[in-house]
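J.: The chain contents come next:
Protein chains: 2
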Amino acid sequence: AGADPTVPLPDRASIFADLTPAELRAVRDFLMGCPELGLSPSRGGTLAQNTLFLVELLPPKKRLALRHLDEGGPAPRRQARAVVFFGGQAEPNVTEFAVGPLPRPSSYRPLRFKGRRRVPFAARPMTQLEYELLHRALVQATEPLYRLLRDATGFWYHNCTDRCLTFSDIAPRGLASGERRSWFMLQRFVEGYFLHPVGLEILINHRDPDPHRWAIQRLWYNGQYFSSPQELAERYEQGRVAVARLSDHASQLLFSTYVPRGRFTTGTPTDVHGAKVCEPQGRRYRLRGNRLEYGGWSLAFRLRSSSGLQLFDLRFNEERVAYEVSVQEAIAFYGGDTPAAMQTKYIDAGWGMGSVTYELAPGIDCPEVATYLDAHHLYDADGPVRFARAICIFELPTGVPLRRHFNSNFQGGYHFYAGLEGHALVLRTTSTVYNYDYIWDFLLYPNGVMEAKVHATGFIHATFYTPQGQRYGSRVQSHVLGNLHTHLVHYKVDLDIAGTGNSFETMDLSFENIPNPWSPDARVVQPWLHRQPRRSERRAAFPLGQALPRYLLFSNPRQRNRWGHARSYRIQHSSHAGRVLPRGWREERGISWGRWGSGWGSRQQALPGASRGAGVGGGEASCRPVAR
Amino acid sequence: AGADPTVPLPDRASIFADLTPAELRAVRDFLMGCPELGLSPSRGGTLAQNTLFLVELLPPKKRLALRHLDEGGPAPRRQARAVVFFGGQAEPNVTEFAVGPLPRPSSYRPLRFKGRRRVPFAARPMTQLEYELLHRALVQATEPLYRLLRDATGFWYHNCTDRCLTFSDIAPRGLASGERRSWFMLQRFVEGYFLHPVGLEILINHRDPDPHRWAIQRLWYNGQYFSSPQELAERYEQGRVAVARLSDHASQLLFSTYVPRGRFTTGTPTDVHGAKVCEPQGRRYRLRGNRLEYGGWSLAFRLRSSSGLQLFDLRFNEERVAYEVSVQEAIAFYGGDTPAAMQTKYIDAGWGMGSVTYELAPGIDCPEVATYLDAHHLYDADGPVRFARAICIFELPTGVPLRRHFNSNFQGGYHFYAGLEGHALVLRTTSTVYNYDYIWDFLLYPNGVMEAKVHATGFIHATFYTPQGQRYGSRVQSHVLGNLHTHLVHYKVDLDIAGTGNSFETMDLSFENIPNPWSPDARVVQPWLHRQPRRSERRAAFPLGQALPRYLLFSNPRQRNRWGHARSYRIQHSSHAGRVLPRGWREERGISWGRWGSGWGSRQQALPGASRGAGVGGGEASCRPVAR
Ligand SMILES: [Ca+2]
Ligand SMILES: [Ca+2]
Ligand SMILES: [Ca+2]
Ligand SMILES: [Ca+2]
Ligand SMILES: [Cu+2]
Ligand SMILES: [Cu+2]
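Just so you know, the sequences run in chain order A and B.
In short: position in the first sequence from 1, add 57, done, that's this note's numbering.
In short: position in the second sequence from 1, add 57, done, that's this note's numbering.
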């Protein structure tokens, strides 16, 4: 069995390893073979059938994992998490299952979370099939608008060949729980189509599993609302519509591409590559299965299809620092003047944020010398799909010494000089959630610092420019508004500093005014270290947009170093983001984690909303998991 | 004259170029030759004589520089700034002079700043000569303490050979304006002596130019105060002093060095170099004299001996973005339990922050492939001194793409992919102000972003550990306290966005609650862009420690881009520092810039405190320029 690729690696990290393609297939085959589930292949079917949507690792319970890692207990049973869309039943719903044991599953059981109802079918993520059906609905909706679209944009949607329109769909899909109606923004389908809205937005109700019952509810064109495509078409023919005539696409094309253009006036070379990361003496990190080692660091990692990178069992020189550090969720909430802009509140784990991990280009997305790893996702597909070069790992020269000191002798020489080169190991993946590419980095520094970092790049989510739109953003092209929005990202950080029983305290500087001990008439005003234990969760949560205490410390007060200080780790927060919505407003309630710059609780890892709500089936009301 | 090295380079940047060694010598020779100044060589003399302390470029007035740069006017007269210590007169003082024209100076005139009195002699920076005299005073002070020091530490100060003590001196040098009395902290003189305080601190009054009139005013040893060395020595002999016996230095030596020790448990290689910055296709920046060009960027730079790196005439694609961006000042204010710790409020420009630009080590302080430049300072020396490799310039691969997008076709392929490698050009110098090494970076990004960044490294300013000291820091060794302190850094940023007449506004998100235009019963709560012009300086200053507005924008409202937006630059602030002292407290008044996270004023560049106070002679009360 040693050569059987379905057998977990003989490393303690393997209990956190993602499912192999063989394991994914084994789970699929097992569930497809259970007649009571009544599963059909998802490709080419209808929405009104039962399909397997997602299979991924179900990580072991922390208690069992620690017993295995720390006390030599047995490896926890390896299990899968499977998400099934029950679309073919009287009461359609979405159900999550635990399936095991791997590699040869023999049973499943529904996963229920305390206090959470069954996930309604209308709250499910989008699928390729539903997009295909929506495409057909848009063909019908835009056929009457052919003349308007052709005249105004030179492009059309139905029956097009090279001058096609495409669309971006908006979430949330409604104004109240249980709705499933989405705004679609039409765009010229050219390179960088996100920046080519044509001014037409269409609201389709697609709640019913039967697409024949779908309905076009509203249209918005260049500032005006219409109740049907026919109404808009008629008014256009009557000349009663303000038409936004876009210039010919050829001249418009270039601005939205990455094609190099323009030139720098300085004459410095731009036709050669710039500085590169290279490894003249080879690699200084080690990768064994899903265990990564670098300097004192050792950790297990996985790429969860639903939410992204997860680190487990982080240790520095054998001592555990954190049990888990994971990407949980990313959201982007917008403001604007068009219905699509007003409505946009993307909650990206619902779009399979961990599954859209497309190829990293060596030399651009990561250095040429990086190690590239593939990922396999079974997400809205009938089997595992390979994502080549989904992850990269490399050592980065930070360009600044970690420490240095030049000790002058003040005679033109020195007593001593010493310096340490600055390096960090980078573990990276991306999530291209339609227009955005999130770049997810974890950085390991040789001095015991770990950094989680995210960049948002790609294209902005832009809407059609209207004069009133300036209240909500900046005009970036003749017909394009870059809408204001806030990105918030949620990480789960389960630190275990010298054990699992940690305390949290903050430290700030306060000032004191005391007599000067060496000059009786004088006084000393000076700072002192104001430590505040934060024993309750309420005292341990800090609202976004207010200045955080200077130091946030996790400690084990029962484990002290030789100078008497509690073993501690500091959390350093670097963000200038504020709230995305006023507290308590409808859509804000579904992302209550977004209220806090930092929230700590002893129960944090037991809260489903924090530990697993990022996947399919969390949330409520119109902030249910959304998809585009 | 073309080959004469004293002739400025024929580039417009040359008006900002630092003085050449020949120019420095010419200024020195000219002033030394003026009998009315009565200058003596500074080496080997006394404090009671007139000496030339500093010579550096006196940059041209902005108005004249712009007339030259933008309107083809004549190059402004090239002038030097010279600082003279008039110690040999009835009313000793410090005077600054403008000296010109270069390269062959023929006249000088005192530089007077509105509202500022003549700088008193007691407020001058320290010199090598004064340190030498203080060393002799400490020899006298410690001779009676020989037995105590030898017994307790194994080291002594006077007449020592290999087991010597050294000292750190503390600023400010007194409690009121006009004083010059400093605390000296004794340390074992081993590698990393900053971490080896022995528990003895001595207060010396060295105000009088005649060192015979200096006096030892106080001593502190291990928690107790004494009025003279004799008192401490007697009490020690009587067994009435609590002695802090330090362990033998051999076992104590290692911890304060950079000598590699310990090992990582993972077994990843540590005996080879890690990733490096390399330039397989050569350099993409150009250096001509003091003009640096990279991508669209072009700027002039200098390394001002008194304060550090200064950039002038920053342009992106020929358009000026800023007239000047300069390091002005760096301070570090402490709290603690010993008199030295309580008193420490370093104001580093007074320590010649721009002159302590020691050698950068290739491969550690900057990549091997960097360009290294020498600097020449005439600062507390009788002629120009060459500082080899004081500046480095290199292109850094940031390790993350500047932009990228992978546009999936959702069929396993893609519509388009594009990405741009991430790079920045780094211009770096360091200031080793005794224990600290500031690393000063300016980064130029190809997209028009410029970043100013400072790292503080080297050794902490540590004091002798006492149990009460824990209120003010962390114990880091048996007898060492790492004291809490705050670093603040002051940059002058004179943006000129599309001209000199700029406005300042802030932008934040506000929320609105409006009827939903496509669903009559519903409402939309969404953010909008709240722009606030900041017309008065009071409304344009933001106290440290409070959350800044989200966006700080400098604009030229009369220059608009083709979409109607005012040409603008955003300032992005990244710091979690708070106030160093309560507002208005004695020493806080001397660094009033430190109250503000950002302060903008149309008059900013005309305020001496902002534009030149960082040099010799600024400030007042006990927060006069200080030196160690
Ligand atoms: Ca499918
Ligand atoms: Ca924990
Ligand atoms: Ca001198
Ligand atoms: Ca300006
Ligand atoms: Cu964004
Ligand atoms: Cu510091």
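These are calculated hints, taken from the structure and not from any lab test.
Keep in mind that this is a model prediction, so the values were computed, not measured.
Wrong hints could be hidden among the right ones.
What the hints assert, rightly or not - Within a straight-line C-alpha distance of at most 30 Å, the following computed DSS-like cross-link-like pairs (lysine-lysine) qualify:
hint, chain 1, residue 1, chain 2, residue 2
1, A, K510, B, K510
2, B, K510, B, K119
3, A, K119, A, K510
4, A, K118, A, K333
5, A, K118, A, K510
6, B, K118, B, K333
7, B, K333, A, K510
8, B, K118, A, K333
9, B, K333, A, K333
10, B, K118, B, K510
J.: Please go over all the hints and tell whether each is borne out by the structure.
T.: To see whether the hints hold, each was checked on the structure:
Of the supplied pair hints, the one linking K510/A and K510/B holds, its CA atoms being roughly 19 Å apart against a limit of 30 Å. With a C-alpha separation of about 25 Å, the suggested pairing of K510/B with K119/B holds against the 30 Å cut-off. Distance restraint check for K119/A and K510/A: the Cα-Cα separation of roughly 25 Å lies within the 30 Å cut-off, and the hinted pair is therefore satisfied. At most 30 Å may separate the alpha-carbon atoms for a hinted pair to count; K118/A and K333/A exceed this at roughly 42 Å.
Between K118/A and K510/A the CA atoms are separated by roughly 27 Å; this keeps the pair inside 30 Å, and the hint holds. This hinted pair does not check out: K118/B and K333/B have alpha carbons roughly 42 Å apart, beyond 30 Å. Taking the CA atoms of K333/B and K510/A, the gap is near 22 Å; set against the 30 Å cutoff, the hint holds. Taking the CA atoms of K118/B and K333/A, the gap is near 41 Å; set against the 30 Å cutoff, the hint is violated.
Restraint check for K333/B and K333/A: the C-alpha separation of about 8 Å stays at or below 30 Å, so the hint holds. Note on K118/B and K510/B: the hinted pairing holds, with a Cα-Cα distance of about 27 Å set against a maximum of 30 Å.
Comparing the model with each numbered hint stated earlier shows that hints 4, 6 and 8 do not hold.
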